[in-house]
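Each chain is listed here by its residues.
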Amino acid sequence: MTETFYEVMRRQGISRRSFLKFCSLTAAALGLGPEFAGKIAHAMENKPRIPILWLHGLECTCCSESFIRSAHPLAKDVILSMVSLDYDDTIMAASGHQAEAIVEEIVEKYKGNYIVAVEGNPPLNEDGMYCIIGGKPFVEQLRYATEHCKAIISWGSCASYGCVQAARPNPTRATPVHKVITDKPIIKVPGCPPIAEVMTAVVTYMLTFERMPELDRQGRPKMFYSQRIHDKCYRRPHFDAGQFVESWDDEGARKGYCLYKMGCKGPTTYNACSTIRWNEGTSFPIQAGHGCIGCSEDGFWDKGSWYARLTDINQFGIESNADAVGGGVAAVVGGAVAAHAAVSAVKRAANKGEE
Amino acid sequence: MSVIKTPNGYTLDSSGRRVVVDPVTRIEGHMRCEVNVDENNVIRNAVSTGTMWRGLEVILKGRDPRDAWAFVERICGVCTGCHALTSVRTVEDALGIRIPKNAHLIREMMAKTLQVHDHVVHFYHLHALDWVNPVNALKADPKATSALQQSVSPRHPLSSPGYFRDIQTRIRKFIESGQLGPFKNGYWDNPAYKLPPEADLMAVAHYLEALDLQKEFVKVHTVFGGKNPHPNYLVGGVPCAINMDGDLSAGAPLNMERLNFVRARIQEMVDFCKNVYVPDVIAIASFYKDWLYGGGHGAINVMDYGAYPKVNYDKSTDQLPGGVILNGNWNEIHEIDPRDPEQVQEFVAHSWYSYPDESVGLHPWDGITEPNYELGSNTKGTRTNIQELDESAKYSWIKAPRWRGHAVEVGPLSRYTLAYAHGVEYVRNQVDTSLAAFNHLAGTNLDAKTALNSTIGRTLARALEAEYCADMMVDDWNELIANIKAGDTATANMEKWDPSTWPKEAKGVGTVAAPRGALGHWIHIKDGRIENYQCVVPTTWNGSPRDPAGNIGAFEACLMNTPMERPDEPVEILRSLHSFDPCLACSTHVMSEDGEELTEVKIR
Numbered sequence: 001m002t003e004t005f006y007e008v009m010r011r012q013g014i015s016r017r018s019f020l021k022f023c024s025l026t027a028a029a030l031g032l033g034p035e036f037a038g039k040i041a042h043a044m045e046n047k048p049r050i051p052i053l054w055l056h057g058l059e060c061t062c063c064s065e066s067f068i069r070s071a072h073p074l075a076k077d078v079i080l081s082m083v084s085l086d087y088d089d090t091i092m093a094a095s096g097h098q099a100e101a102i103v104e105e106i107v108e109k110y111k112g113n114y115i116v117a118v119e120g121n122p123p124l125n126e127d128g129m130y131c132i133i134g135g136k137p138f139v140e141q142l143r144y145a146t147e148h149c150k151a152i153i154s155w156g157s158c159a160s161y162g163c164v165q166a167a168r169p170n171p172t173r174a175t176p177v178h179k180v181i182t183d184k185p186i187i188k189v190p191g192c193p194p195i196a197e198v199m200t201a202v203v204t205y206m207l208t209f210e211r212m213p214e215l216d217r218q219g220r221p222k223m224f225y226s227q228r229i230h231d232k233c234y235r236r237p238h239f240d241a242g243q244f245v246e247s248w249d250d251e252g253a254r255k256g257y258c259l260y261k262m263g264c265k266g267p268t269t270y271n272a273c274s275t276i277r278w279n280e281g282t283s284f285p286i287q288a289g290h291g292c293i294g295c296s297e298d299g300f301w302d303k304g305s306w307y308a309r310l311t312d313i314n315q316f317g318i319e320s321n322a323d324a325v326g327g328g329v330a331a332v333v334g335g336a337v338a339a340h341a342a343v344s345a346v347k348r349a350a351n352k353g354e355e
Numbered sequence: 001m002s003v004i005k006t007p008n009g010y011t012l013d014s015s016g017r018r019v020v021v022d023p024v025t026r027i028e029g030h031m032r033c034e035v036n037v038d039e040n041n042v043i044r045n046a047v048s049t050g051t052m053w054r055g056l057e058v059i060l061k062g063r064d065p066r067d068a069w070a071f072v073e074r075i076c077g078v079c080t081g082c083h084a085l086t087s088v089r090t091v092e093d094a095l096g097i098r099i100p101k102n103a104h105l106i107r108e109m110m111a112k113t114l115q116v117h118d119h120v121v122h123f124y125h126l127h128a129l130d131w132v133n134p135v136n137a138l139k140a141d142p143k144a145t146s147a148l149q150q151s152v153s154p155r156h157p158l159s160s161p162g163y164f165r166d167i168q169t170r171i172r173k174f175i176e177s178g179q180l181g182p183f184k185n186g187y188w189d190n191p192a193y194k195l196p197p198e199a200d201l202m203a204v205a206h207y208l209e210a211l212d213l214q215k216e217f218v219k220v221h222t223v224f225g226g227k228n229p230h231p232n233y234l235v236g237g238v239p240c241a242i243n244m245d246g247d248l249s250a251g252a253p254l255n256m257e258r259l260n261f262v263r264a265r266i267q268e269m270v271d272f273c274k275n276v277y278v279p280d281v282i283a284i285a286s287f288y289k290d291w292l293y294g295g296g297h298g299a300i301n302v303m304d305y306g307a308y309p310k311v312n313y314d315k316s317t318d319q320l321p322g323g324v325i326l327n328g329n330w331n332e333i334h335e336i337d338p339r340d341p342e343q344v345q346e347f348v349a350h351s352w353y354s355y356p357d358e359s360v361g362l363h364p365w366d367g368i369t370e371p372n373y374e375l376g377s378n379t380k381g382t383r384t385n386i387q388e389l390d391e392s393a394k395y396s397w398i399k400a401p402r403w404r405g406h407a408v409e410v411g412p413l414s415r416y417t418l419a420y421a422h423g424v425e426y427v428r429n430q431v432d433t434s435l436a437a438f439n440h441l442a443g444t445n446l447d448a449k450t451a452l453n454s455t456i457g458r459t460l461a462r463a464l465e466a467e468y469c470a471d472m473m474v475d476d477w478n479e480l481i482a483n484i485k486a487g488d489t490a491t492a493n494m495e496k497w498d499p500s501t502w503p504k505e506a507k508g509v510g511t512v513a514a515p516r517g518a519l520g521h522w523i524h525i526k527d528g529r530i531e532n533y534q535c536v537v538p539t540t541w542n543g544s545p546r547d548p549a550g551n552i553g554a555f556e557a558c559l560m561n562t563p564m565e566r567p568d569e570p571v572e573i574l575r576s577l578h579s580f581d582p583c584l585a586c587s588t589h590v591m592s593e594d595g596e597e598l599t600e601v602k603i604r
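In order, the protein sequences belong to chains A and F. Residue numbers for the first sequence follow the numbering used here, beginning at 1 and rising by one. Residue numbers for the second sequence follow the numbering used here, beginning at 1 and rising by one.
Just so you know, the hints here were simulated from the structure itself, not pulled from any lab data. All figures in this text were calculated on a predicted structure; none of them were measured in a lab. Keep in mind that a hint or two might mislead.
Derived lysine-lysine pairs resembling PhoX-like cross-links, with alpha carbons at most 20 Å apart [unchecked claim]:
| # | chain 1 | residue 1 | chain 2 | residue 2 |
| --- | --- | --- | --- | --- |
| 1 | F | K315 | F | K101 |
| 2 | A | K303 | F | K61 |
| 3 | F | K485 | A | K255 |
Chain F regions said to be covered by chain A (calculated; three or more residues, Cβ under 8 Å) [to be verified]:
| # | region |
| --- | --- |
| 4 | 380-393 |
| 5 | 418-431 |
Partial list, derived from the structure: chain F residues whose beta carbon lies under 7 Å from chain A [said to hold, decoys possible]:
| # | residue |
| --- | --- |
| 6 | V21 |
| 7 | S160 |
| 8 | K219 |
| 9 | N232 |
Every residue, glycine too, gets a C-beta built ideally from N, C-alpha and C.
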């Protein structure tokens, strides 16, 4: 039970050489220097596998699909060697009461020492019965499973912000996780879906360093969400030179000019698409010719057409960062959790009033 | 009354023990299933329930039709892109936009990539554990597995005893750790599992191989659409412009390197389907030759709109032609027209919605939806803690679509039944060849109709369709190159991009062969905005509750009369339900015609 990652990896046929390569790739994916590879290796040689309950509310499963696309580490290595993915209704063998029993077992057995990953969100209208698990509202499962967890990962824009089902008029009152669970540390990994390697890097970071990644004011890991797509876009020189695509499939489109006039939301979207790129670095939306639709931003569905030009950006000299835009100083985890707890207490009091 | 005879020929007896499975796992979305078993543990009544509703079409009202693809794409991240493709087709149909040939070929490759990806992930990662026992794989002799691999598929390079021994070691140590992860609480000592250990080990190896390879397949979407899941689409064509030898070709969406990259991914799909996927399904099926349950409507009452035209906009060139077959009469194929108000209709008598008159069905262009969550008087439990549902009342978030009142099945098996009946040569060869291989391995002599009308037939048809799609993609790629060589590099038609060129009102329909079956979207555009948007999706057809006449849908039909080894362990229920690859997020979408305010109820 108290095996380390390294032992598990070795037992499962992974050589020390591959293990060290994995560690340096992890360090690189996290934007850390090569000196951190040794630190990661040391951590993984000395720590046990942590149980994860991966819950699904109202969602489309794109986050799970993205997760299994991860190339470094491979999804199979995460699942077989790094964590213990004990509940995930998309891939688990058990169904019905055998599946539900697993949630109970993990909550009891690993009190305070398991992670809840949430994909999707709970609808609160109709007594929560727009999303039913085991005959009961999903929000009940969410509350039960998170009560004793160590931390919550809000996968994707659904869990982080509400996403498409929460777009106007939000008929089911789909509600992001942090508005329902207010007393736990929550890491938001927004995007529809998030990039696969960002998802696995967040997990690996937490396992390796035994702490939450440093979060920005919105609760996103700073390492992946501090820069706008526009800041590192390979088409940025065309923006600066005033060379734009004016119509789909025009000369500019064929030359890879800037998509700003076609409605690209890169200048206002914080994500790692233009740096890490998608599917093992194969490409990203702008490289494939379509503007960014801003899918990792709160409420992006209700901020105008994909093709409406942004009117609220500075043409030049964009140098503000996510925290400044967020309007506050970035807090390290402790501070964020404390602030969160204070807000939670107020919310709990308010909720009690309703009850 | 505990015994009911349905108009479509089933006898439902709910007097026996009730078994509840909730959640049904290894599907997309949320689903519940209840059955009654008789004293011999044979299923005599089946109740299938969609347990989620998101209301996306309500959300679409009043938006720009050119934006709709991204909203509906988020209906499902598993069959990612197929709703987006249907949407751009629907809007183009309404506005009279014809897309360039290159755009058509690129969309076709994206659609077929999805078919291969989705079918592979379905079989290995969602369905395989209904047939394959990973624990039993520990008992295998790796040499015997190697011999089995070389006999079922000599062309697959990963076949040495050492390869299988390494994988067995990895699985053994995983299981011995006591932390079973996704295998936890599985039904591993259930006698419903029939594979010998060497076949289990081969399948587990391919589970892992497929997990590694599927991430390669989707890179076709990444090149053409920028990312996967949820690649980008465009009304009027595709956003990826072509620049083969011009200035700045290297930074263009499509150049020679990008197209070569796509070709390499296509070859991986072709090879995996031919060398691993199809042989695996045939080999595994041969060990289950005595388990020919789960047919239901499959191969008997089937529907598809038709797909993959060689010449765009010419339905007569469909490489998987559509239609409707009823009562197993393969000699008569009814034509289907999604625009005809008498053909496709949705009913809500047993769904959690209300109509002014629930005895009639409504065509999608006239669809109304008002959520109405209410439970029947014979429900056991409470409104927020359901023990057993009352299927004589409303019992699902899924509507009941019907074709001229008939409950039909959709999906790869439906498309293959239709293609076989239409006499499509490629499909006939595939079905006949794989059936011969199955009969040879199993020592049986089954004909196509008997073999296909089963859970195994549904699973085989999906594998064959993946192989066909991979081969068709090679043609699409060659045709794209030939077209570019001939001087045509157009990828988008922008004549009607500007809403000022649109009519005041327009209606359109678009269809796609989605991985799970016939998918249709219907739109009504008014003053440049979406007035009404309706999706009728595959799992709505297959997972539908009963209609007012009492016809049961495909999920419920496939479970009927199946014996269970142990009613507490729903292996057989999962096996047949999974053979449809249920997608519940897709199935539960509906539109409020007048967009009325939906009641808000506070949760306590």
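Cut-off 8 Å, C-beta pairs, minimum 3 residues; does the coverage of the region 380-393 of chain F by chain A stand?
holds (count 6)
Pair hint K303(A) and K61(F), alpha-carbon separation not exceeding 20 Å
Given pair K303(A), K61(F) holds - Cα atoms ~15 Å apart, limit 20 Å.
For the pair we were handed, K315(F) and K101(F), check the Cα-Cα distance against 20 Å.
Since the Cα atoms of K315(F) and K101(F) sit roughly 15 Å apart, the hinted pair holds (cutoff 20 Å).
Coverage criterion applied to the region 418-431 of chain F (partner chain A; beta-carbon cut 8 Å; 3 residues):
As far as the region 418-431 of chain F goes, the hint is violated, because 0 residues have Cβ atoms under 8 Å from chain A.
Supplied contact hint for V21(F), tested at 7 Å Cβ to chain A
holds, 4 Å
Given K219(F) as an interface hint, is the shortest Cβ-Cβ distance to chain A below 7 Å?
Constraint on K219(F) satisfied, holds at 5 Å.
Restraint outcome when N232(F) is required to lie within 7 Å of chain A by C-beta distance:
For N232(F), the interface hint holds, since the closest Cβ of chain A sits about 4 Å away, which is under 7 Å.
Double-check S160(F) for me: the hint is only fine if its C-beta lies closer than 7 Å to a C-beta in chain A.
This interface hint is violated because 14 Å lies over the 7 Å limit.
Starting from K485(F), check that the Cα of K255(A) is at most 20 Å away, please.
holds, 19 Å
Checked against the numbered hints above, the structure violates hints 5 and 7; every other hint is satisfied.
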